[in-house]
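Chains as they are written, first to last, in the working numbering: chain A, 1 to 481; chain B, 1 to 192.
Derived by calculation from the structure, the hints in this document are not laboratory data. Among the hints, a few may not be true.
[Unchecked claim] Here are the computed distance ranges between Cβ atoms for each label pair: (1) B:63 <-> A:480: 52 to 62 Å; (2) B:167 <-> A:76: 44 to 54 Å; (3) A:171 <-> B:80: 51 to 61 Å; (4) A:47 <-> B:147: 54 to 64 Å; (5) B:147 <-> A:480: 24 to 34 Å; (6) A:115 <-> B:62: 38 to 48 Å; (7) B:170 <-> A:479: 52 to 62 Å.
[What the hints assert, rightly or not] Partner residues are not named here, just some residues of chain B that face chain A (Cβ under 8 Å, in silico): (8) 3; (9) 10; (10) 14; (11) 15; (12) 18; (13) 53; (14) 132; (15) 137; (16) 162; (17) 163; (18) 170; (19) 173; (20) 177; (21) 189.
For each residue, glycine too, the CB sits at the ideal point set by N, CA and C.
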Amino acid sequence: MTYMNVKDLPRPAPGAIRPSQYGPQTETGLPRMRAADLPGMVGLPIADLFPDVPKAIYVEGDDLEPLRRATAKSLENVDMSMIKERSTVNILASQYGFMIMGGYAYREVIRTIKEVVEQRTGCRKIRLRVATGFRLKEPEEVIKHYGLDEMFDGKALPALYIDQGVPIETPIGTLMGIKRIYDADFIIHCHHGELRELDMHRMISRTMKPFSMSYARFETRSVHHMNFGPRSSNLIPRLVFESDYVQKKWAFGVFMAASPQGVTGIEAGNDLMPIDRKLALLAFKSYGKIRELYNEIKDCVAIIDGTGEPRYMVGGGTTFGNLTEAELDLFDLDTVPVSLGFGLYQPPPTQPKLKPVNPSIRALVMNHFWTGVPQMELANSCPMVLVGQEMAKLVEEDCMNIEMIHRCVTARDLPAAVNFARRIGGSDNLIVFDGSYGYLTCNEQLAELLIQRAPIADRRVEEELMPKWLRQRGFDPSEAL
Amino acid sequence: MVTLNYKAAVIDKNCTGCKKCVWVCPTEAIHMEKNIAVINDDLCMSCPNCHGICPDDAITRVPRAQPKELQVPIDDVPIEDVHALCRKANLHPKQWHCLCTATRVHEAAAAVLKGAITPEKIALETGTRSGCTVYCAMMSMRLLEAAGHEVKQPEKWRLYPTTQTLWDVPQEVIDKYAGYFLEEDKDVFRKF
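Starting from the given sequences, assemble the full structure and let the hints guide the process.
Next comes the structure, spelled out in structure tokens:
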């Protein structure tokens, strides 16, 4: 159904929040009010904005069975003959997969991989390794919350970037993996195709990125982020992945493909390159259009209200990081982002971006998020309002953003914070990042604007931008989804 | 200026003496006494590593009685020397050295020129590695290497002294991996 009148739009359905030691310590570990419960908020269906964005086989709360079937089917043509009955196998997972739609989809994919491998190879020594971005205790929390130790018969362990390393020889010298990631005869790379940080991966070797991030010691993460540039950095994971050390252990990869609608399918294979191409095509078609639509928003107040750090928090099936850089076409490889991740502090002279955060974001309301990730650029670039004293205490104690508490104010509750942000930001457009897929939580005024502008964004992607994105990566235009 | 308001503290009754915290502390602030971890407050940067690796919940963070302020004034050394060291390391003086503390490369370069000849000393003088501890170590290693100071492998795995930059990629790799913008990204760093 197409909603022509915003008054007919459904109520929003925010994603569930997972309590954590990295979030505000309220009585329940959850916010007292969700942004979706503010007056006048609606759930704007992505399918109505872009009818040709690939449909989901799963969104949060659905029956997991279709996901399980899709995973099993994707594994049918995967060669597992290298895995013998007495082999040891590590399934490699990353923390972010558990932030997507409550985490149970990723859990089900992992569980299905384990069961299929056991069935086909007779191998019983299958272990799980859960890697993390920055929050060192997060893998422990994940393993406990999702019952992964029980699922893996006591063989699920965190893999931290400060754990013992293992040298990996590459054509540019020794890079450092995490020993616990590779302490098996074979590895199975289980990841997601959600767009997340386009400013970093640029859809270049996207499937391999965890080999120099999640699965790497901090030295190699630092080589990736600080020593190489906003496009060339993506060579580092490829060199690690193609190293003799990794290839000797390599079994196959499994990806939870996603669009703003939800999980669209499962891609698996022994060769990552075809999966890489499929995920790129999916991203151009779906996230490309949402990004362009976000670029149509000229002023807004963004409300952060979900699980994880702000940049990775999802609204309308797309992470907040895509709004903070919406005014740049980051699929276009000629564009160089201003990204703190590469140590750049100002744009190169020929680049258009003036601030590290999209100036259309006039104010930020932080209702619920996790600390433990460097994100000072948010508070430096736009007015920030924290909701409640628990959130203020959390920010004050955050060693990764030690100045943030001096760059923001605290409101007693969410309505007060939103009112203040509206006044100081001079905008009545409210957009919410609350973990929802398939629907964007926003107020009626913004919904009206987005409905009106979606055809423009759609046409621009199809006719102007997509051909360039394809050409830059050596795709034939006929391959476009 | 980096202000440290917190420090790590050991909960003695929980400590099992595994030494994991000792091996990951970026500033060698932890040693063992009678099989219990002991933290030197003067060296503690209050980073998350010891707490994060501890399997026994034996380390917490507590407020310092007096906040500790760290900064290396750039004016203490000739600016042309700072710029020369940065150039040799292929780093822009105003590039971020540490994202968490908003420290720029020129301050760390000044620290090196004033005698900080290890990554630990750079951290203790500038306040870097008090946050995530992930990205600033590499920048310190590049400056030290450019200044002619060898970074040695410490006991266990606090740090592996390996660093590669865009400028270390051999020509045959550049030729083999087209589409990664290796030469173009060098220009990005040179220009900005």
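Each hint tested on the structure:
no.: 1; hint: B:63 <-> A:480: 52 to 62 Å; verdict: 57 Å, holds
no.: 2; hint: B:167 <-> A:76: 44 to 54 Å; verdict: 46 Å, holds
no.: 3; hint: A:171 <-> B:80: 51 to 61 Å; verdict: 36 Å, violated
no.: 4; hint: A:47 <-> B:147: 54 to 64 Å; verdict: 58 Å, holds
no.: 5; hint: B:147 <-> A:480: 24 to 34 Å; verdict: 51 Å, violated
no.: 6; hint: A:115 <-> B:62: 38 to 48 Å; verdict: 46 Å, holds
no.: 7; hint: B:170 <-> A:479: 52 to 62 Å; verdict: 33 Å, violated
no.: 8; hint: 3; verdict: 7 Å, holds
no.: 9; hint: 10; verdict: 17 Å, violated
no.: 10; hint: 14; verdict: 15 Å, violated
no.: 11; hint: 15; verdict: 17 Å, violated
no.: 12; hint: 18; verdict: 13 Å, violated
no.: 13; hint: 53; verdict: 6 Å, holds
no.: 14; hint: 132; verdict: 5 Å, holds
no.: 15; hint: 137; verdict: 6 Å, holds
no.: 16; hint: 162; verdict: 5 Å, holds
no.: 17; hint: 163; verdict: 7 Å, holds
no.: 18; hint: 170; verdict: 6 Å, holds
no.: 19; hint: 173; verdict: 5 Å, holds
no.: 20; hint: 177; verdict: 6 Å, holds
no.: 21; hint: 189; verdict: 6 Å, holds
Of the numbered hints listed earlier, those contradicted by the structure are 3, 5, 7, 9, 10, 11 and 12.
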